[in-house]
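Visitor: One-letter residues, chain by chain:
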Amino acid sequence: MSSLDWIVLSLTLIFVVSYGIYRSRETHTMDSFLLAGKSLPWYHVTLSLMATQASAITFLSAPGQAYTDGMRFVQFYFGLPLAMVVLCITFVPKFGQLKIFTAYEFLESRFDLRTRGLTSFLFLLQRGLSTGLSIYAPSLILSAILGWDITWTNIISGGVVMLYTIAGGSRAVSHTHLQQMAIITIGMVVAGIMVVKFLPSDVSFTDALHVAGKMGKINLIDFTFDLNSRYNVWSGLIGGFFLQLSYFGTDQSQVGRFLTGSSQGQSKLGLAMNGLLKIPMQFLILLVGVLVFAFYQFTNPPLFFNKTAVDKVRKTQYAAQYEALEKKHELIQKDKHPHIMALTEALRKEDQNAIQESRVVLAGFETKVKEVRKEAEILLSEANGGDTNDVNYIFLRFVIDYLPAGMVGLLIAVILLASMGSVAAAYNSLASCTIVDIYKRMIRKDDDSKDYVAASRWATFFWGIFCIAIAQYASRLGSMIEAVNILGSLFYGVILGIFLVAFYFKNIGSRAVFYGSILGEIFVVISYIFNLTAFLWLNLIGCLLVIIFAWIIEYAWPQSASRKPSL
Amino acid sequence: MKENSPLNRDGLPPFVKTWKQMYILLTGTLFLLIALFYLFMNHFQ
Chain A
1 MSSLDWIVLS LTLIFVVSYG IYRSRETHTM DSFLLAGKSL PWYHVTLSLM ATQASAITFL
61 SAPGQAYTDG MRFVQFYFGL PLAMVVLCIT FVPKFGQLKI FTAYEFLESR FDLRTRGLTS
121 FLFLLQRGLS TGLSIYAPSL ILSAILGWDI TWTNIISGGV VMLYTIAGGS RAVSHTHLQQ
181 MAIITIGMVV AGIMVVKFLP SDVSFTDALH VAGKMGKINL IDFTFDLNSR YNVWSGLIGG
241 FFLQLSYFGT DQSQVGRFLT GSSQGQSKLG LAMNGLLKIP MQFLILLVGV LVFAFYQFTN
301 PPLFFNKTAV DKVRKTQYAA QYEALEKKHE LIQKDKHPHI MALTEALRKE DQNAIQESRV
361 VLAGFETKVK EVRKEAEILL SEANGGDTND VNYIFLRFVI DYLPAGMVGL LIAVILLASM
421 GSVAAAYNSL ASCTIVDIYK RMIRKDDDSK DYVAASRWAT FFWGIFCIAI AQYASRLGSM
481 IEAVNILGSL FYGVILGIFL VAFYFKNIGS RAVFYGSILG EIFVVISYIF NLTAFLWLNL
541 IGCLLVIIFA WIIEYAWPQS ASRKPSL
Chain B
1 MKENSPLNRD GLPPFVKTWK QMYILLTGTL FLLIALFYLF MNHFQ
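Residue numbers (our numbering), protein chains in the order written: chain A, 1 to 567; chain B, 1 to 45.
One thing to keep in mind: the hints can contain errors.
[Said to hold, decoys possible] Straight line, CA to CA, 27 Å or less: simulated BS3-like cross-link-like pairs of lysine-lysine:
{"#": "1", "chain 1": "A", "residue 1": "K334", "chain 2": "A", "residue 2": "K278"}
{"#": "2", "chain 1": "A", "residue 1": "K278", "chain 2": "A", "residue 2": "K328"}
{"#": "3", "chain 1": "A", "residue 1": "K38", "chain 2": "A", "residue 2": "K450"}
{"#": "4", "chain 1": "A", "residue 1": "K312", "chain 2": "A", "residue 2": "K327"}
{"#": "5", "chain 1": "A", "residue 1": "K99", "chain 2": "A", "residue 2": "K506"}
{"#": "6", "chain 1": "A", "residue 1": "K278", "chain 2": "B", "residue 2": "K17"}
{"#": "7", "chain 1": "B", "residue 1": "K17", "chain 2": "A", "residue 2": "K312"}
{"#": "8", "chain 1": "A", "residue 1": "K328", "chain 2": "A", "residue 2": "K368"}
{"#": "9", "chain 1": "A", "residue 1": "K278", "chain 2": "A", "residue 2": "K315"}
{"#": "10", "chain 1": "A", "residue 1": "K278", "chain 2": "A", "residue 2": "K94"}
{"#": "11", "chain 1": "A", "residue 1": "K94", "chain 2": "B", "residue 2": "K20"}
{"#": "12", "chain 1": "A", "residue 1": "K99", "chain 2": "A", "residue 2": "K440"}
{"#": "13", "chain 1": "A", "residue 1": "K278", "chain 2": "A", "residue 2": "K307"}
{"#": "14", "chain 1": "B", "residue 1": "K20", "chain 2": "A", "residue 2": "K506"}
{"#": "15", "chain 1": "A", "residue 1": "K327", "chain 2": "A", "residue 2": "K278"}
{"#": "16", "chain 1": "A", "residue 1": "K328", "chain 2": "B", "residue 2": "K20"}
{"#": "17", "chain 1": "A", "residue 1": "K278", "chain 2": "B", "residue 2": "K20"}
{"#": "18", "chain 1": "A", "residue 1": "K349", "chain 2": "A", "residue 2": "K307"}
{"#": "19", "chain 1": "A", "residue 1": "K336", "chain 2": "A", "residue 2": "K307"}
{"#": "20", "chain 1": "A", "residue 1": "K370", "chain 2": "A", "residue 2": "K336"}
{"#": "21", "chain 1": "B", "residue 1": "K17", "chain 2": "A", "residue 2": "K445"}
{"#": "22", "chain 1": "A", "residue 1": "K38", "chain 2": "B", "residue 2": "K17"}
{"#": "23", "chain 1": "A", "residue 1": "K336", "chain 2": "A", "residue 2": "K349"}
{"#": "24", "chain 1": "A", "residue 1": "K38", "chain 2": "A", "residue 2": "K99"}
[Stated by the list, open to error] If we take Cβ atoms under 8 Å as the criterion, some of the chain B residues that face chain A in the derived model are:
{"#": "25", "residue": "F15"}
{"#": "26", "residue": "W19"}
{"#": "27", "residue": "M22"}
{"#": "28", "residue": "T27"}
{"#": "29", "residue": "L30"}
{"#": "30", "residue": "L32"}
{"#": "31", "residue": "L33"}
{"#": "32", "residue": "I34"}
{"#": "33", "residue": "F37"}
{"#": "34", "residue": "Y38"}
{"#": "35", "residue": "F40"}
{"#": "36", "residue": "M41"}
{"#": "37", "residue": "Q45"}
Hints in this document: simulated from the structure, not taken from any laboratory.
As the structure is a prediction and not an experimental result, all values here were calculated from the model.
Glycine residues also receive a C-beta, built at the ideal position from the N, C-alpha and C atoms.
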């Protein structure tokens, strides 16, 4: 990075962190530390929901995912608008009536303390682990650019977020989200414009899309109903609906965001606008990845995008072998180039026979490229040990290699800020659950509000350290965006099942739902371990299993104690 | 709680009059997007 990049990066980060700390001066009570005093307008809620979900993982991994796998990942979000409707109709009014701090408080009023404790524990486990992955994403960038040890990079990037989250709690988190989303949007637009600008002068934006499309990268919609296909319309609409409903309705990192709304109407409107904006935003991020793919059809791409891994292999006994593979890869690209130009020409002339011919030839070249990359991965694995995941480095490498001075710093800042947004919300929610559901409820019930704020700050510190420790193991999990979603799918369905029983099955009691959820979780984990279905369906399976098991248990073993009145 | 009670009306966007219309707008936008993505894919693929 140039000096200008360093200046832009440093100033942007200092500004946002200082602003977050500045907002912390208004934080003296539990209500303001955990829910920003329930004072925020709908657009604050919308941007905060989006900033919490769209982490650095979204910005780094999604373009790489589009580059390697096409745009089909967008279908993952199809259930989101429908989930927002259900949240507005059911969850917001219920949570609003009870004036709660965490979603799990509701479960005690409907069932008992044991069910609240179990659900809160599942959340803490899942969110603690996935936040570790969210810290790892920007660390990856810094270590790739600066050659820093990833351990220290994790500590620094996870630690900076702790500064303003400990100081300002939810208020600081929400206010910094606003700036983070503005900078992310600017970054996305700039990156998209830059990729198009770097295409050869005789290749237009639509030419690039046609080339990517003919090579199978604009695979946005798949109506095939296949339980083992990771992304199709049905898995997105049904599995995605249950995942998003559980994520936004029962994950405290999101519930804590919409509870900051100044009224139920503002919270509902914030959620509804999130439902309108999320899919187009994800489409644009994936489109950037597809444009990067098109760009590398006209420019020789590196054999492996992870420069740090390549630099490492060059210092080992495998250096000569890697160099030979690089030359082989370069020759394939050189031979491929005339066929790409022929395809572009055929597209302009709308010559269907020539287009089809080029597609077949290019598919052959793609197979050859994949074979060489596979050889390189094996070599890198032998030389560096284990990690050969390259998806997360594709967009980053493009940014570093091609964007001008100043812009690289800005985009690195964008990625770091995006990460900080989701990590900050996660720290805040982990602290909320630890204090409200465990410490205040089970350990020290009658402390002063100021003592709880102090305890919340310590809880934020503890979870920060925990998440940084998890980040050390994240590199072994492949594409990070998938790893986060798979992890969520293991727990979200069961948590959602508990909430749906609470809302809609008023005859089912606490004992049935408690044992039903434990059985449901065991089945979900078994389904995942034995690869019985694509991960998105685990949300639906987990949710249905909890409802079915709870219903059977209640029927076979009725609870004699009188139940609390339903809400 | 009634749909148009003061608590619920608070925060309604200017382009719809009831929450029901808002939910229809959300669902309609989703299916419109799926249709547009399908056309986009067919055009370029």
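Visitor: Any hints this thing doesn't respect? Which numbers, in order?
Guide: Per hint list: 1, 2, 7, 9, 13, 15, 16, 18, 21, 25, 30 violated.
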